[in-house]
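Trainee: Residues per chain are reported as follows:
There are 2 protein chains.
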Amino acid sequence: MSSFIANTKDMQFVLHEVLKISEAGVPGYEEMDRDFTEAVLDAAGKVSSEVLAPLNEVGDKEGCVLENGVVRTPKGFDAAFAAMKEGGWTALDCDPEYGGQGMPYLLNCAVGEMFVSANMAFNMYQGLTHGAYSAIHAHGTDEQKATYLPKMVTCDWTGTMNLTEPHCGTDLGMMRTKADPQDDGSYLITGTKIFISAGDHDLSENVIHLVLAKAPGGGEGTKGISLFIVPKFLVNADGSLGERNSLSVGKLEEKMGIHGNATCVMNYDGAKGWLLGDLHKGMRAMFTMMNEARLGVGLQGYAVAEAAYQEAVAYAKDRTQGRAVTGAAAPEKAADPIIVHPDVRRMLMDQKSFVEGARAFTFWGAHLIDRSHKADDAEAEGLISLMTPVIKGFLTDKGFETAVSAQQVFGGHGYTEDWPMSQHVRDARIAMIYEGANGIQALDLVGRKLAQDGGKHVMAFFEMVKAECKSHDGDERMKPFTDALKAASKQLQAAGMFFMQNGMKNPNAALSGSYDFMHLMGHVCLGLMWTRMAKAAFTALDNGASDKAFYEGKIATGRYYMARQLPACAMHLARIETGADPVMALADDQF
Amino acid sequence: MSSFIANTKDMQFVLHEVLKISEAGVPGYEEMDRDFTEAVLDAAGKVSSEVLAPLNEVGDKEGCVLENGVVRTPKGFDAAFAAMKEGGWTALDCDPEYGGQGMPYLLNCAVGEMFVSANMAFNMYQGLTHGAYSAIHAHGTDEQKATYLPKMVTCDWTGTMNLTEPHCGTDLGMMRTKADPQDDGSYLITGTKIFISAGDHDLSENVIHLVLAKAPGGGEGTKGISLFIVPKFLVNADGSLGERNSLSVGKLEEKMGIHGNATCVMNYDGAKGWLLGDLHKGMRAMFTMMNEARLGVGLQGYAVAEAAYQEAVAYAKDRTQGRAVTGAAAPEKAADPIIVHPDVRRMLMDQKSFVEGARAFTFWGAHLIDRSHKADDAEAEGLISLMTPVIKGFLTDKGFETAVSAQQVFGGHGYTEDWPMSQHVRDARIAMIYEGANGIQALDLVGRKLAQDGGKHVMAFFEMVKAECKSHDGDERMKPFTDALKAASKQLQAAGMFFMQNGMKNPNAALSGSYDFMHLMGHVCLGLMWTRMAKAAFTALDNGASDKAFYEGKIATGRYYMARQLPACAMHLARIETGADPVMALADDQF
Chain A
0 MSSFIANTKD
10 MQFVLHEVLK
20 ISEAGVPGYE
30 EMDRDFTEAV
40 LDAAGKVSSE
50 VLAPLNEVGD
60 KEGCVLENGV
70 VRTPKGFDAA
80 FAAMKEGGWT
90 ALDCDPEYGG
100 QGMPYLLNCA
110 VGEMFVSANM
120 AFNMYQGLTH
130 GAYSAIHAHG
140 TDEQKATYLP
150 KMVTCDWTGT
160 MNLTEPHCGT
170 DLGMMRTKAD
180 PQDDGSYLIT
190 GTKIFISAGD
200 HDLSENVIHL
210 VLAKAPGGGE
220 GTKGISLFIV
230 PKFLVNADGS
240 LGERNSLSVG
250 KLEEKMGIHG
260 NATCVMNYDG
270 AKGWLLGDLH
280 KGMRAMFTMM
290 NEARLGVGLQ
300 GYAVAEAAYQ
310 EAVAYAKDRT
320 QGRAVTGAAA
330 PEKAADPIIV
340 HPDVRRMLMD
350 QKSFVEGARA
360 FTFWGAHLID
370 RSHKADDAEA
380 EGLISLMTPV
390 IKGFLTDKGF
400 ETAVSAQQVF
410 GGHGYTEDWP
420 MSQHVRDARI
430 AMIYEGANGI
440 QALDLVGRKL
450 AQDGGKHVMA
460 FFEMVKAECK
470 SHDGDERMKP
480 FTDALKAASK
490 QLQAAGMFFM
500 QNGMKNPNAA
510 LSGSYDFMHL
520 MGHVCLGLMW
530 TRMAKAAFTA
540 LDNGASDKAF
550 YEGKIATGRY
560 YMARQLPACA
570 MHLARIETGA
580 DPVMALADDQ
590 F
Chain B
0 MSSFIANTKD
10 MQFVLHEVLK
20 ISEAGVPGYE
30 EMDRDFTEAV
40 LDAAGKVSSE
50 VLAPLNEVGD
60 KEGCVLENGV
70 VRTPKGFDAA
80 FAAMKEGGWT
90 ALDCDPEYGG
100 QGMPYLLNCA
110 VGEMFVSANM
120 AFNMYQGLTH
130 GAYSAIHAHG
140 TDEQKATYLP
150 KMVTCDWTGT
160 MNLTEPHCGT
170 DLGMMRTKAD
180 PQDDGSYLIT
190 GTKIFISAGD
200 HDLSENVIHL
210 VLAKAPGGGE
220 GTKGISLFIV
230 PKFLVNADGS
240 LGERNSLSVG
250 KLEEKMGIHG
260 NATCVMNYDG
270 AKGWLLGDLH
280 KGMRAMFTMM
290 NEARLGVGLQ
300 GYAVAEAAYQ
310 EAVAYAKDRT
320 QGRAVTGAAA
330 PEKAADPIIV
340 HPDVRRMLMD
350 QKSFVEGARA
360 FTFWGAHLID
370 RSHKADDAEA
380 EGLISLMTPV
390 IKGFLTDKGF
400 ETAVSAQQVF
410 GGHGYTEDWP
420 MSQHVRDARI
430 AMIYEGANGI
440 QALDLVGRKL
450 AQDGGKHVMA
460 FFEMVKAECK
470 SHDGDERMKP
480 FTDALKAASK
490 QLQAAGMFFM
500 QNGMKNPNAA
510 LSGSYDFMHL
520 MGHVCLGLMW
530 TRMAKAAFTA
540 LDNGASDKAF
550 YEGKIATGRY
560 YMARQLPACA
570 MHLARIETGA
580 DPVMALADDQ
590 F
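Protein chains in written order, with numbering that gives the first Met the number 0: chain A, 0 to 590; chain B, 0 to 590.
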């Protein structure tokens, strides 16, 4: 069984010593002092360990069941969901006007990380609701907000997002779901949507579906798409639940992982829906939520990796096998714990240096979103827009890799379902796929984000890295960080230059390197994070911090990342610079 | 459902145009002309597609069941097993003296690749039997051979290998299973063995367990270990089956994949066994089979990847989504097939260039084993001993990565169990773990094989690479291959030099880089294979080969590997040269 303990200490370090949130000048951050965030994180950590983690295996083994059109969630999920609601965890960063607690999105992310580590499938029920809440909050009429948001803030009603259809996922322009306008201003929605996470279940009184569909007169492709609110039960004028809407669960998907979450085929048979936002502007409404949704998936990537890493460390300290090559470390035992072996350490260091770097990166991203939303900071908005595909694509790829590496520490035991490692790997796999498969993230990054606003944001990022390095000039201790970061950043710039010089003549030359660019940029971002974390750790040590082991460990872990992960940057650049020819050389029938 | 078609064409290319087996001068290869191997491969391909592949999903979904102490295999496995026996596929490279067909091991590997691609879990029943057959063939008395081998050649009786115990896998010195000598020359075996693949099932009349155990007087650690033949049913003097031995299945493991194969906990309760080979020399007996067994697992790595790649290609040609960035490729359709997109092609090229390189590498390894066994070629034996951990470790790591990449091509559909991709990924995962986890392979490579016989074999390999490059001097077409191979080989040599200069002072300095060295060497080996394949393809084209698309595709795929995969070598070298410090910096409690 999973034995997850939230790493609140590291979170506090990132919030207060790296991001220094209470000095950040973002509205709503004033109260975020160390004691306050510690209290919140500790309480959330307790829920994670005691309520959510014990249900993770149950969710995986039992899965969801569709019986007579109704989805039943695994045993214990209902009680845990009630506990989450009661603790106010569903409302943390929601608008106080609708019953939320109005805390920063950043803090919600920190708490969310724990919940995902403890039980990714379970946390999706409220995660999807939060996404739908945000959409209605941003685009709904006052009446719509008043009708739906208070119930969604508490998760009495949960939410979903309906984009994908059997024949179209990435290419939503081919969408077939139709919206027929009615005289009363409503629409009748007809079509089939697939891969609807939390599409139906027994945890809430109502499910508020947000459905993309084509209303007449919108034209071809994505231009004709609008977004609709389609509740499972219609809502009466007094807010009580009315009749059942004409929608049903066609099928529950059998999946590789996240068995505890109900992935539904949803059939809309003339279901009553109401336009959310502007007619024919549904894609735009979706896109405004995308930064948050994609950051949330990137967070899943490293949060599951954190859980897997914790298991691997515990196992490596407990399992005895062989002797340290430099002499017995535990001579009183028949063998040494396997953590003495360099190759086991390599795996653990890979895992640790990734997870901690990813946490800092994601928290920074959430902080940028707060800046953009709460402080109307256009630079922050531009930067997070650029970073979003990197957070989603890089962190989920590496998160999966990390879970696989953690599983490897267990040898044969990791392959059995008696240990939690198979589940972590199977769960982590989906994050590379949904919310835009990682190849699409790379396309978004190279095809759109690099050139956005005349390339302003990527230039700002390069300047930021340069300034960071310059600020440590003369600090010899920081040289292993700044030297590596400078080199990696130069490689990233060279890659960008290659795209500029070749992408216009042949777009395939840029797109053939897009995936490598996303990874190269991910490494630069984590290198930047490790540089900042190392500086914060040195500062703490200089100031006589009592917990020397923590800060020294932080610096050593950062050195590992710079020395052993950043060399991947040159490889990515070399691949990028081969251009389109190797990738596009074959005719279709030569495959 | 899986729709696997064996790539006999590529196999023929490797056998006859790269390895040129009929001119190789290895005893037993004389008959191996194009027509002969084509007939065998075509027949095996038919069995793979028609008998084995249709059962792959059945095996995954149904799994094995333990009922009243008896293991039941999935529906249809018994009939398929009977067909395999009847076709003589279990006896291909076995000794004619015991009913085998005496064909080269190389040909058996080619056929085995197809069987694994079609149904990995199923093929393990005969694969394990082949391993046990080889052990008895190499170490058994004439009587033991006469008793067991004829039945094992036909798979009327199947075999197993029992090494691991709950508390020891890698470190077999801690073994607790005991062998008590009896007056009649037999032993009573008592202990628990775990992870016993094909440990029990309903496909054969008898199961011949080979069990490692400690007999008195052998001393501490692995020195005291002997190997025993422990049949499920004792065999009477006339060869008929006698009483049931005192052994039982304690449990069937629930695993991440290979559900169709029964992974058993085996309890030996004073089971009757007979010494195989010399007393207290059980480890040596195991090691003599290890090259074959590990090559067999490396083969699983890329064979599953081949199956996954085939699915990905078919899906990428069929699924339409979006438009080619250079203009519609299928204007008559609502969207282009996704194979037009550079990032989809990148994935397919990664897959194709790996699988074909791995096939050539594995066939070459099998060819070296034939040379070593049939032609008493000591150089070949030294070389395959060096290559074995690379074949096992590199090909299974990359094979898994390839299966994951193929799954990614499917987007969300690849995550559902409606498509075969989840199974391929879950199945492929085990190959990185069993038969010595890949970290152990890296340890074997760097800690033992590099220095074996005074470093003679690795020097011979470097010379071989050098000679290969030199042989193409003046051939401009070969420059993209030889330039890249030379550079990679230099990086490999630099890594070896680093180990020599630092490993003596600090063994951790070498072991911290062992995993990267294994991958670096893997890339050099595949680079060498691609150089040879490119040369063979150019030669065929020069000779006016009619199938130009095949040979040109081969060259383009090789160029992709050299241009886009070999840049990993510099990364591995950079990591290796950081030595032990980054890896070993943390105290245990800093994790």
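Incorrect hints may appear among the rest.
Identical copies look the same in the list; a pair holds intra-copy or inter-copy alike.
[Said to hold, decoys possible] Straight-line alpha carbon distances no greater than 27 Å define the calculated DSS-like cross-link-like pairs of lysine-lysine that follow:
| no. | residue 1 | residue 2 |
| --- | --- | --- |
| 1 | K45 | K222 |
| 2 | K60 | K250 |
| 3 | K84 | K373 |
| 4 | K280 | K332 |
| 5 | K60 | K177 |
| 6 | K280 | K469 |
| 7 | K144 | K250 |
| 8 | K74 | K478 |
| 9 | K489 | K60 |
| 10 | K74 | K60 |
| 11 | K250 | K74 |
I should point out that these hints are in silico values taken from the structure, not numbers from a laboratory.
Given the structure is predicted, the values throughout are model-derived calculations rather than measurements.
Trainee: Now look at each hint and say whether the structure bears it out.
Mentor: Here is what the structure says about each hint:
For the homomeric pair K45 and K222, neither the shortest alpha-carbon distance inside one copy (47 Å) nor that between copies (50 Å) is at most 27 Å. Proximity of K60 to K250 under the C-alpha cut-off of 27 Å is found in both arrangements, the shortest distances being 19 Å within a copy and 18 Å between copies. Only within a single protomer do K84 and K373 lie at most 27 Å apart by alpha-carbon distance; the minimum there is 25 Å, versus 72 Å between protomers. Only between protomers do K280 and K332 lie at most 27 Å apart by alpha-carbon distance; the minimum there is 25 Å, versus 68 Å within a single protomer.
For a Cα distance limit of 27 Å, the shortest separation of K60 from K177 qualifies neither inside one copy, at 37 Å, nor across copies, at 37 Å. When the C-alpha separation of K280 and K469 is checked against a cutoff of 27 Å, the pair qualifies neither within a copy, at 45 Å, nor between copies, at 63 Å. In this assembly of identical chains, K144 and K250 lie within 27 Å of each other by CA distance neither inside one copy nor across copies; the values are 31 Å within and 56 Å between. In this assembly of identical chains, the alpha carbons of K74 and K478 never lie at most 27 Å apart, being 53 Å within a copy and 63 Å across copies at closest.
Taking the shortest alpha-carbon separations for K489 and K60, neither the intra-copy value of 48 Å nor the inter-copy value of 50 Å comes in at or below 27 Å. For the homomeric pair K74 and K60, the shortest alpha-carbon distances inside one copy (10 Å) and between copies (23 Å) are both at most 27 Å. Taking the closest pair of Cα atoms, K250 and K74 come within 27 Å of each other both inside a single copy (20 Å) and across two copies (26 Å).
Checked against the numbered hints given earlier, this structure breaks hints 1, 5, 6, 7, 8, 9; the rest are met.
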